[in-house]
Amino acid sequence: MQTGKLIVFSAPSGSGKTTIVKHLLKQPELNLEFSVSATSRPIRGDEKEGKDYYFLSAEEFKMKIKNDEFLEWEEVYRDNFYGTLKTEVERIWSLGKHVIFDIDVSGGLRIKRKYPDLTLAVFV
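Residue 69 in my numbering is what sits at position 69 of the sequence shown, and the numbering runs on without skipping anything.
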């Protein structure tokens, strides 16, 4: 499979990284697709499965961790996990696109360590 680049935007909450990512996604010539994270927290309000997050139970999330299905993951609170599924990156690469992430700094660093030559990490 042809692989694209991994473009990671990381920053503290409220820094504007989401605004930057949304702007870049509107530029078709950049050939970007947003990586949807997985979480074990409950769905909120108008959130949609597969658009905002992939919603998993804590047990499902832990099983995927055990099966090495995550590129990166973190337990933010007890049984409240967030992470990037390897299948999400593979899905985007199969479309011939580059993957853009809006994740925390530790997750961004994990991706950079796993794919040093493919990752552009931007800390806002």
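Do not take every clue at face value.
[Unchecked claim] No more than 20 Å apart at the CA atoms, straight line, and that leaves these computed lysine to aspartate or glutamate pairs for EDC-like:
1. LYS86 / GLU74
2. LYS86 / GLU49
3. LYS86 / ASP52
4. LYS86 / ASP46
5. LYS5 / ASP117
6. LYS5 / GLU33
7. LYS112 / GLU69
8. LYS48 / GLU29
9. LYS26 / ASP102
10. LYS114 / ASP104
11. LYS62 / GLU49
12. LYS22 / GLU69
13. LYS51 / ASP117
14. LYS86 / ASP104
15. LYS22 / GLU59
16. LYS86 / GLU75
17. LYS114 / GLU74
Hints in this document: simulated from the structure, not taken from any laboratory.
These are the hints, each one checked on the structure:
1. LYS86 / GLU74: holds, 14 Å
2. LYS86 / GLU49: holds, 17 Å
3. LYS86 / ASP52: holds, 17 Å
4. LYS86 / ASP46: Violated - the C-alpha atoms of ASP46 and LYS86 are around 26 Å apart, more than 20 Å.
5. LYS5 / ASP117: holds, 9 Å
6. LYS5 / GLU33: Within the cut-off at roughly 11 Å; holds.
7. LYS112 / GLU69: Answer holds: LYS112 to GLU69 is near 17 Å, not above 20 Å.
8. LYS48 / GLU29: violated, 27 Å
9. LYS26 / ASP102: holds, 15 Å
10. LYS114 / ASP104: holds, 16 Å
11. LYS62 / GLU49: Satisfied, since the Cα-Cα distance of roughly 19 Å is no more than 20 Å.
12. LYS22 / GLU69: violated, 27 Å
13. LYS51 / ASP117: Judged against 20 Å, a Cα distance of about 28 Å means the pair is violated.
14. LYS86 / ASP104: holds, 17 Å
15. LYS22 / GLU59: Since the Cα atoms of LYS22 and GLU59 sit roughly 32 Å apart, the hinted pair is violated (cutoff 20 Å).
16. LYS86 / GLU75: Holds, because 17 Å separates the two Cα atoms, which is no more than 20 Å.
17. LYS114 / GLU74: This hinted pair holds, its Cα atoms lying about 15 Å apart.
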